[in-house]
Amino acid sequence: MRTLAVARGVAWRTLHNVFTNPSLFVPSIVFPLFFFVAFAGGLSHVQDVPGFNYSQGYTAFQFVFVLLQSAAFGGVFTGFGIARDFESGFARRLLLAAPSRTGILLGYSVAALLRWLVTATVLTTVALAAGMNVGGSGVDLFGLYALALIVNAAALLWAAGVAMRLRTMQAGPIMQFPVFLVLFFAPVYVPLALLSGWIHAIATVNPLTRVLEAGRGFLAGSPTEVAAAFGAALALAAAFSFWALRGLRKAEVAG
Amino acid sequence: MNVLADQVFLLARRSVVRTIRQPANVVAPLVFPMMLLAVNSGGLKAETHLPGFPTSSFFAFALAVPFIQGALFATMNAGTDLARDIQTGFLSRLSLTPMRGIALLGGQLGGVLTLGVVQAVVYLTVGLIVGVRLATGPLGVVVLFLFAMLVTLGFGALGAFAALRTGSGEAVQSLFPAFFVFLFLSSMNIPRNLISTTWFRDVATLNPVSYLIECVRSLIIVGWDTEALVLGFGVATVIAVVALALANWALRVRMART
Amino acid sequence: MSDYAIEATELVREFKNGPRAVDSIDLGVAPGEIYGFLGPNGAGKSTTVHMLTTLLPPTSGSARVAGYDVVSEGSHVRAAIGAALQEAALDPLLTGREHLRLQASLQALPRSERKQRADELLTRVGLTHAADRKVRGYSGGMKRRLDLAMALVHNPTVLFLDEPTTGLDIQSRSALWEEVARLAREDKVTVFLTTQYLEEADVLADRVGIIDHGHIVAEGTPAELKAQVGRPTVEAIPADPEDADRVAEILARFGDPCGSTKGVAVRLRAGEADLVDVVRALDSAAIKVENLQLHQPSLDDVFLAKTGRSLEGSDDDGDDDQGAPARGELAAEPA
Numbered sequence: 001m002r003t004l005a006v007a008r009g010v011a012w013r014t015l016h017n018v019f020t021n022p023s024l025f026v027p028s029i030v031f032p033l034f035f036f037v038a039f040a041g042g043l044s045h046v047q048d049v050p051g052f053n054y055s056q057g058y059t060a061f062q063f064v065f066v067l068l069q070s071a072a073f074g075g076v077f078t079g080f081g082i083a084r085d086f087e088s089g090f091a092r093r094l095l096l097a098a099p100s101r102t103g104i105l106l107g108y109s110v111a112a113l114l115r116w117l118v119t120a121t122v123l124t125t126v127a128l129a130a131g132m133n134v135g136g137s138g139v140d141l142f143g144l145y146a147l148a149l150i151v152n153a154a155a156l157l158w159a160a161g162v163a164m165r166l167r168t169m170q171a172g173p174i175m176q177f178p179v180f181l182v183l184f185f186a187p188v189y190v191p192l193a194l195l196s197g198w199i200h201a202i203a204t205v206n207p208l209t210r211v212l213e214a215g216r217g218f219l220a221g222s223p224t225e226v227a228a229a230f231g232a233a234l235a236l237a238a239a240f241s242f243w244a245l246r247g248l249r250k251a252e253v254a255g
Numbered sequence: 001m002n003v004l005a006d007q008v009f010l011l012a013r014r015s016v017v018r019t020i021r022q023p024a025n026v027v028a029p030l031v032f033p034m035m036l037l038a039v040n041s042g043g044l045k046a047e048t049h050l051p052g053f054p055t056s057s058f059f060a061f062a063l064a065v066p067f068i069q070g071a072l073f074a075t076m077n078a079g080t081d082l083a084r085d086i087q088t089g090f091l092s093r094l095s096l097t098p099m100r101g102i103a104l105l106g107g108q109l110g111g112v113l114t115l116g117v118v119q120a121v122v123y124l125t126v127g128l129i130v131g132v133r134l135a136t137g138p139l140g141v142v143v144l145f146l147f148a149m150l151v152t153l154g155f156g157a158l159g160a161f162a163a164l165r166t167g168s169g170e171a172v173q174s175l176f177p178a179f180f181v182f183l184f185l186s187s188m189n190i191p192r193n194l195i196s197t198t199w200f201r202d203v204a205t206l207n208p209v210s211y212l213i214e215c216v217r218s219l220i221i222v223g224w225d226t227e228a229l230v231l232g233f234g235v236a237t238v239i240a241v242v243a244l245a246l247a248n249w250a251l252r253v254r255m256a257r258t
Numbered sequence: 001m002s003d004y005a006i007e008a009t010e011l012v013r014e015f016k017n018g019p020r021a022v023d024s025i026d027l028g029v030a031p032g033e034i035y036g037f038l039g040p041n042g043a044g045k046s047t048t049v050h051m052l053t054t055l056l057p058p059t060s061g062s063a064r065v066a067g068y069d070v071v072s073e074g075s076h077v078r079a080a081i082g083a084a085l086q087e088a089a090l091d092p093l094l095t096g097r098e099h100l101r102l103q104a105s106l107q108a109l110p111r112s113e114r115k116q117r118a119d120e121l122l123t124r125v126g127l128t129h130a131a132d133r134k135v136r137g138y139s140g141g142m143k144r145r146l147d148l149a150m151a152l153v154h155n156p157t158v159l160f161l162d163e164p165t166t167g168l169d170i171q172s173r174s175a176l177w178e179e180v181a182r183l184a185r186e187d188k189v190t191v192f193l194t195t196q197y198l199e200e201a202d203v204l205a206d207r208v209g210i211i212d213h214g215h216i217v218a219e220g221t222p223a224e225l226k227a228q229v230g231r232p233t234v235e236a237i238p239a240d241p242e243d244a245d246r247v248a249e250i251l252a253r254f255g256d257p258c259g260s261t262k263g264v265a266v267r268l269r270a271g272e273a274d275l276v277d278v279v280r281a282l283d284s285a286a287i288k289v290e291n292l293q294l295h296q297p298s299l300d301d302v303f304l305a306k307t308g309r310s311l312e313g314s315d316d317d318g319d320d321d322q323g324a325p326a327r328g329e330l331a332a333e334p335a
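Top line first, the protein sequences correspond to chains A, B and C.
Numbered by the numbering used here, the letters in the first sequence go through residues 1 to 255 in order.
Numbered by the numbering used here, the letters in the second sequence go through residues 1 to 258 in order.
Numbered by the numbering used here, the letters in the third sequence go through residues 1 to 335 in order.
For the record, the hints were derived by calculation from the structure and aren't laboratory data.
These figures come from a predicted structure and were not determined experimentally.
Any given hint might turn out to be false.
[As the list claims (entries may be wrong)] Partial selection, computed: residues in chain A whose CB lies under 8 angstroms from chain B:
#, residue
1, Pro22
2, Leu24
3, Pro27
4, Ser28
5, Leu43
6, Ser44
7, Val46
8, Asp48
9, Phe185
10, Val188
11, Leu194
12, Ile199
[As the list claims (entries may be wrong)] Here are a few chain C residues that face chain B, going by a calculated C-beta distance under 8 angstroms:
#, residue
13, Leu55
14, Pro57
15, Asp91
16, Leu106
17, Ala108
18, Leu109
19, Ser112
20, Val289
21, Asn291
22, Leu292
[Stated by the list, open to error] Derived list of chain B stretches under chain A, where covered just means 3 residues or more per stretch with a C-beta under 8 angstroms from a C-beta of chain A:
#, region
23, 156–168
24, 197–206
All residues carry an ideal CB built from backbone N, CA and C; glycine is no exception.
Construct the complete structure from the given sequences, taking the supplied hints into account.
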């Protein structure tokens, strides 16, 4: 009960900060929309490349990537907030006051999740208004958004671990850069089968590739590699949970 | 004239020293564009199979982009350094010397241009190592460098204008997303004639950054394309002239000495 | 030609939509003098300094510094003055030595002299050991000393110091005072020093001008100003509290009673000269005294007398100078 109470408090405060502060809130909505427009709009001719056989069209193809990207960076942005809290001293106050410190981490996770749900809603609405084809059923779409949620949690836990270890806003690039690499060393613009060379090799072993391909499968109504995708996403989330909890302990010890 | 040149040199040297002492300001303009180039050229290689794609090497096609992206970083560097001078009061200190205002601007931009040369050398070297050969040959390299410097000058002046007008590093940083938008809504990743989404093609056609990229691209993969060169140099010159005029005006207001 | 190193006549500065930050001040500072410009936050001190150093044009009135008009001969004024303004204006990424060499270069010192001048100033302000360290690693006191050194690179005849010791510890403050006093005494530099610290003005300044709401409300040597407002008080704390009445009776012969929380106090009619007689009188009455103190009027008493407010704790606005542009903002157009 104490854990939940702490989580609720931390989540409320984080969300309040974000939604009452346009400079925090607006970019997390605008940037995914912008990427969606730039990729789906600018690169739509890529669907004419021989071998590109995604049934729902390029808009839907890119929507899945941008959705996952927004989920990942949504987690990272919340990690920025954690770093800011440490830098300002507010996190120390939380550590002193909260009866359950795991609740603090849970609270940040919930905040990241809820924050991302707003972004996902706006993004989905815009994509549908732009004429995106959806081939999947309700269950399939649930699978897509569930995958995205897990990615959001994994990214938040990664960023939280970094923030709690470094406890400064200058940790921002360290949080962002690996996430950027993982996202872009995946089949962003074309399916995996159309990649070649070193990028194909990297994308093949990149866990996000499984998630991306499964997500595109869900949207098309022909789920593929579902177990591998959920397995990869959950494994990342679990590993970063451990990473974040260890980071929390380090932050406690540092005082 | 000697005095002015001296002052510009001193302040340019200071600008370079300061940048070198902030490793992130040196590494980011080199690493980030190269990384994006690697990712995009790997991910979009298949685009070369599209009918009408101008080259079989997507890397050669995309190599033009870092030269323009590097200019974006020049904006940030010039702007945040100047903003810091204003916020710390260092600009007031400089105002009390015989230093001419134009020397401050010249020095700041001189420093940015110096780093721009380093960036251009790195980008070109990476391209040559990967196997890209400029269709315009050695003379094309010279023209490429001149163009890259002109673009860096214009963007650097924009950053300086933002700093002088607002006195705030945060305001300068907030330009980054705006420039990012201009970069992405261009012919950065696909030739304009192959953009099938009409509104996107129209936006890219109106976007001056498209002409900057296409000018560099023409030197790399096409050869001596007069239209691309005229448009590219024309747009870059207009940006530079307007930005320098704005920066100069903002400087005179900011350094209001009697 | 004026005999003053700094002269202001009906100097005014108004900001758009704001009050008059400086409202028709007249002042004159003799060559080699240390002039203390004392006032609370928002009084107009920094705005005055900005006008005298050519960084802000006056709305009306005139001023001459080192014999040059601040408006029409700005470049000559700048060549003759050094200034250390309200914050130590330094580049955190440059070293102390690099700062001085840059300043020397911009001041057009001959190339052959720049290194030597930098070394000399570093020694003078005690920063030789930190000369090659980046300024972001300097303490507040070190930054202030470097700031002062930079203001002296070109051997100015007039030095402006805008609240130079704000935020410094006692040792750093004393060291800076010593250097300022030496500059005036040995190098005959005219020093215009703004401060909100009474002690600083009292200790350093040959003459003090007290400014409030843009007006100079009092001007003179510290002693003259204090003498204008009052006589010293003597406070006696008897060893035996039961003697308080007797002490009061004796002290009443020498002056008028005034408040004291611990003992008995009177304002001496004849000033300090009466102190000896007070001691003799107490001794003759065989009264043992635990503590006997003479309190001189302070500049705060002067400010209180002139404005009805105490200078210490008097804080009009958060920023110095009402209506003046904050650092980093464009200067507003003059009204």
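Now for the hints, and whether the structure bears them out:
1. Among the interface hints, the one on A/Pro22 is violated; its C-beta lies about 12 angstroms from the nearest C-beta in chain B, farther than the 8 angstroms criterion.
2. Taken as an interface hint, A/Leu24 does not check out: its beta carbon lies about 13 angstroms from the nearest beta carbon of chain B, beyond 8 angstroms.
3. Taking 8 angstroms as the C-beta cut-off, the interface hint given for A/Pro27 holds, the closest approach to chain B being about 7 angstroms.
4. This hint is violated: A/Ser28 has a C-beta 12 angstroms from the nearest C-beta of chain B, more than the 8 angstroms allowed.
5. Of the supplied interface hints, the one on A/Leu43 holds, with its beta-carbon coming within about 6 angstroms of a beta-carbon of chain B, less than 8 angstroms.
6. Given the 8 angstroms rule on beta carbons, the hint for A/Ser44 holds: about 5 angstroms separates it from the nearest Cβ of chain B.
7. Against a cut-off of 8 angstroms between C-beta atoms, the interface hint on A/Val46 holds, since the closest Cβ of chain B lies about 6 angstroms away.
8. Proximity of A/Asp48 to chain B holds as hinted, the smallest CB-CB distance being about 6 angstroms (cut-off 8 angstroms).
9. At about 7 angstroms, the closest approach between the beta carbon of A/Phe185 and any beta carbon in chain B falls short of 8 angstroms, and the interface hint on this residue holds.
10. A distance limit of 8 angstroms between C-beta atoms decides the matter here; for A/Val188 the minimum to chain B is near 5 angstroms, and the interface restraint holds.
11. Restraint check, A/Leu194 versus chain B: the minimum CB separation of about 4 angstroms is within 8 angstroms; hint holds.
12. The interface hint given for A/Ile199 holds, since its Cβ lies 3 angstroms from the closest Cβ of chain B, which is under the 8 angstroms cut-off.
13. Contact between C/Leu55 and chain B, as hinted, is supported at the beta carbon level, the nearest pair being about 6 angstroms apart and thus within 8 angstroms.
14. Annotation: interface hint on C/Pro57 holds; nearest CB of chain B at approximately 5 angstroms, less than 8 angstroms.
15. At a threshold of 8 angstroms, the smallest CB-CB gap from C/Asp91 to chain B is about 6 angstroms, leaving the interface hint in force.
16. At its closest, the beta carbon of C/Leu106 sits 4 angstroms from a beta carbon of chain B; the interface hint therefore holds under the 8 angstroms criterion.
17. At its closest, the beta carbon of C/Ala108 sits 6 angstroms from a beta carbon of chain B; the interface hint therefore holds under the 8 angstroms criterion.
18. Because the closest C-beta pair between C/Leu109 and chain B is about 11 angstroms apart, greater than 8 angstroms, the hint is violated.
19. Taken as an interface hint, C/Ser112 does not check out: its beta carbon lies about 15 angstroms from the nearest beta carbon of chain B, beyond 8 angstroms.
20. Because the smallest distance between the Cβ of C/Val289 and any Cβ of chain B comes to about 53 angstroms, over 8 angstroms, the interface hint for this residue is violated.
21. Evaluation of the C/Asn291 hint against chain B yields a violated restraint, the C-beta minimum of about 47 angstroms exceeding 8 angstroms.
22. Restraint check, C/Leu292 versus chain B: the minimum CB separation of about 48 angstroms is more than 8 angstroms; hint violated.
23. Check on the region 156–168 of chain B: 0 of its residues sit with their Cβ under 8 angstroms from a Cβ of chain A, so the three-residue criterion for coverage is violated.
24. Given a C-beta distance limit of less than 8 angstroms, the hint that chain A covers the region 197–206 of chain B holds, as 4 residues qualify and 3 suffice.
The structure fails hints 1, 2, 4, 18, 19, 20, 21, 22 and 23 (numbered hints given earlier, in ascending order).
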